[in-house]
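Chemist: Position chain B against the provided structure of chain A, taking the given hints into account.
For the protein sequence lines, the chains are A and B, in the order given.
Numbering-wise (the numbering used here), the first sequence opens with residue 1 and increments by one.
Numbering-wise (the numbering used here), the second sequence opens with residue 1 and increments by one.
None of these hints come from the bench; they were simulated from the model.
Some hints could be false.
To be verified - Quick partial rundown of chain A residues pointing at chain B, CB under 10 angstroms, derived from the structure:
1. 78
2. 161
3. 283
Stated by the list, open to error - The calculated lysine to aspartate or glutamate pairs, modelled on EDC-like cross-linking and capped at a C-alpha distance of 20 angstroms, are:
4. B/127 <-> B/61
5. A/47 <-> B/97
6. B/177 <-> A/173
7. B/177 <-> A/178
Don't be surprised by glycine CBs; every beta carbon is placed ideally from N, CA and C.
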Amino acid sequence: MLIQRLAQAVVTMLIAVLAIFVAVRVLPANPVIAQFGQHAVPEKIEKEMEERGWNKPLWQQAITFVGQMAQGNLGESFARPGEKISSRLGQAVPATLELTFAAMLIAIPVGVFVGTIAALWRNAWPDWISMAIALLGVSIPVFFLAICLIVAFPLMPTGYRLPPGTQHQLHTEFYFFEALLTGQFQLAAVSARHLVLPAIALSTIPLAVVSRVTRNSMLEVLDADYLRTARAKGASLLRMIVRHAFPNASLSVLNIVGFQLGMLLSGAILTETVFNWPGLGRYVVDAIRDYDYAVVQACALVLAGLFVTLNLTLDVLFLVFDPRLREGNRS
Amino acid sequence: MVTDTLIYGRGGDANALDPIHTDIGESVKVIVNIFEPLVAYDDETLDLVPGLAESWETSDDGLEWTFKLRPDVKFHDGTHLDAEAVVFTFQRILDPDHPHVHSNIIPYYSSYSQIENIEAVDDLTVKFTLKQPQATFLANIAMFPSGIVSPTAVKKYGADFTRHPVGTGPFQFVHWKPKQEIVLSRFDDYWGEPVGIERVVFLPSEESSIRVTQLKRGEIHIADNLPPSEVDGLEKTPGVVVQSTPGINIGYLTMQTQKPPLDKPEVRQAVGYAIDRDRLIEVAYAGHAQKAKSMVPPTLWGHSDDVPEKEFDPEKAKQLLQEASQKYGFELPLKLELFVMDQPRPYMQQPRQTAIFIKDALEKVGFQIEIITNDIGQHFQRMTRGEHQLGLSGWSADIADPHNFLHTLLHSENINEIGGNNLSQYKNEEVDKLLDAAQFELDQEKRTQLYKQAQQLISEDAPVLPLVHVPVRIAQRDFVEGYKLHPSSQVRLKSARIAEQ
Chain A
1 MLIQRLAQAV
11 VTMLIAVLAI
21 FVAVRVLPAN
31 PVIAQFGQHA
41 VPEKIEKEME
51 ERGWNKPLWQ
61 QAITFVGQMA
71 QGNLGESFAR
81 PGEKISSRLG
91 QAVPATLELT
101 FAAMLIAIPV
111 GVFVGTIAAL
121 WRNAWPDWIS
131 MAIALLGVSI
141 PVFFLAICLI
151 VAFPLMPTGY
161 RLPPGTQHQL
171 HTEFYFFEAL
181 LTGQFQLAAV
191 SARHLVLPAI
201 ALSTIPLAVV
211 SRVTRNSMLE
221 VLDADYLRTA
231 RAKGASLLRM
241 IVRHAFPNAS
251 LSVLNIVGFQ
261 LGMLLSGAIL
271 TETVFNWPGL
281 GRYVVDAIRD
291 YDYAVVQACA
301 LVLAGLFVTL
311 NLTLDVLFLV
321 FDPRLREGNR
331 S
Chain B
1 MVTDTLIYGR
11 GGDANALDPI
21 HTDIGESVKV
31 IVNIFEPLVA
41 YDDETLDLVP
51 GLAESWETSD
61 DGLEWTFKLR
71 PDVKFHDGTH
81 LDAEAVVFTF
91 QRILDPDHPH
101 VHSNIIPYYS
111 SYSQIENIEA
121 VDDLTVKFTL
131 KQPQATFLAN
141 IAMFPSGIVS
151 PTAVKKYGAD
161 FTRHPVGTGP
171 FQFVHWKPKQ
181 EIVLSRFDDY
191 WGEPVGIERV
201 VFLPSEESSI
211 RVTQLKRGEI
221 HIADNLPPSE
231 VDGLEKTPGV
241 VVQSTPGINI
251 GYLTMQTQKP
261 PLDKPEVRQA
271 VGYAIDRDRL
281 IEVAYAGHAQ
291 KAKSMVPPTL
301 WGHSDDVPEK
311 EFDPEKAKQL
321 LQEASQKYGF
331 ELPLKLELFV
341 MDQPRPYMQQ
351 PRQTAIFIKD
361 ALEKVGFQIE
371 IITNDIGQHF
381 QRMTRGEHQL
391 GLSGWSADIA
401 DPHNFLHTLL
411 HSENINEIGG
421 NNLSQYKNEE
431 VDKLLDAAQF
441 ELDQEKRTQL
451 YKQAQQLISE
461 DAPVLPLVHV
471 PVRIAQRDFV
481 EGYKLHPSSQ
491 VRLKSARIAE
501 Q
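Chain A on its own, in the form it takes in the complex (with noise of 0.2 angstroms):
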């Protein structure tokens, strides 16, 4: 089962290797004379297109490119001469981590809640409320919202990941983390505080879904058979939700949090640009805006493999979790 599963990654990972190989090429901008941009010189953008291994017909590209990614070689930036892809990736990839984990740290416990709360008031006034707050939260637009939380915290940072100019001693990415860690508490929390509106703005939608499909198993188990039963024997409700309820309900808020990392992974995006928060999502626009083809595939890969782990990382969970799966395994 689960080898099938990774191989099935790997073929996942190659189809999107060559599928974004393609993309890139037949977009309609020559890359190389985009970077050359107002001040072009012929003999200049040839001999880079020859370094560059442009000019070769497209399979020897595309057996070049395949070969490169194989070893983990993303190549250099085409905007910025000189600059390891990698190493960008190493600084955007965690920042864009730490703000969805922070996001999601806010949307589980707060969707499960809310969602609990209109279960057990069904069709009441709490349900909805919680709802209409569901609703806002999947309609209104994150750079909207983003605004409006600056406007409305005046005296929040507005962005970045730490006050400009800051020293310290962090030597990964992962500022927050890193900061708690080695016990830089003070940094941690100016860190923090950082997060805490982007993470905010992010939160929204995976928010309101946590919350609806909460609500809806928490509805359906609530109905069941055995909770009736447990109930007529005299369980008390906290106990009920707690110990039946909430374990059932969990595989689906798991099913959908899976979903809505990958989500987010990629919505980051606005919320990122209105931040500025250095992460993924605007490495990525930025490339697009600058022609920065070779970015764009890195980021593409980078995305499509983080979706890969991620929806390989729930099958293994569902499995762990869920013994109805390792039952039909066996038989």
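Modeler: Just chain B now, with coordinates in the frame of chain A:
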């Protein structure tokens, strides 16, 4: 709040800090604070004054230029400026196979291609030999790409020099976190006047509305590149002051002269009479622009005031178009495509509004306009290939010389599919001759006359409709003192100070 750190908020990040490898404005803002060329701009004007060179002299034929370097100038890495460093700097630009150059993208390469040879005469004397006399040579030497680099540092960092720049300027590089910040600190061994601030942080923030908020809250101390209406709003904000200086730029409407129907001068003239540029300035620039008469801004020498003003006259436009339609046999309304970019430029702050305004004006006199929006890169690439009929465009000066406007934008030599900036594909042999003569003439008086003649001919042919010259405006906190906007648009922070409050 007393602070010794100045925070400069801008719209984007740099792409490279090696002076030879970039032409991106956001990079230049940082580079000019780290590196210095041999010749500099005066603090307040566009006059060329001694920089790292104390003095210079030219041979009578204009082919040899000898520069005397300032003694006792130190690079940030502690090494001394000498003639060898200057030779090394220029060899990196000129020699395509230089071992210490790691990218082919050298945008200003052609500005220096007239240099035949450069040699160190002695420790503090450098001699340039040119292939032919070049009037813009000294101005080119004052451009940021010829900022003198420390050879020791270039050799030490290799391809990474662009992320560890070392020059002789008032500020030295501390660190660069892409998309987050670039930090510079005061260079204590600077040869010039002592610098007033300890540290500078360049912060990129793409959303201009957010930059406005940050400035109001004091998170940043200077905000540049803001839309005109935002600046107007900030002008009324307590604690914020706005600075303005005329920019050396031009926003214009290009007309593809090689494609019918715009190959007919009458049609191009009609376009010119149909557009009320005073009104355009109100609509698309919130009133903050100057109506352009010629392609050379009036702040620059060589600007011709004698060019006949193209007044707004829709009746005349209609009449010209009617006559042209009968003469050449085309139907009215005359269908044209207008190309417009999707992002603002300093000279075209609201491209969409500008395009709609022009469409509206032209349709009133007998044209039918279709607006084609492309993203900025595609927009210019398609226009260099000549795919447009009408197109919005513009230019900000590289050097304060009319050559940079007239030759670059209207000489037939600059028609080509890659980066040719003569977007109108305008060819007039007489204009070409005048511009060539002006390029090799060293007497500025004579050059002025040649450029004025060229502007007269260009105005008659109307391959372009000059629209506006746009001032540079920034907003800053009132406790930032001593920082003055320079007409060259260079961001020079060495004189800035933060007042105690």
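Chemist: State for each hint whether it applies.
Modeler: So, going through the hints one by one against the coordinates:
| no. | hint | result |
| --- | --- | --- |
| 1 | 78 | 9 angstroms, holds |
| 2 | 161 | 7 angstroms, holds |
| 3 | 283 | 7 angstroms, holds |
| 4 | B/127 <-> B/61 | 14 angstroms, holds |
| 5 | A/47 <-> B/97 | 11 angstroms, holds |
| 6 | B/177 <-> A/173 | 11 angstroms, holds |
| 7 | B/177 <-> A/178 | 18 angstroms, holds |
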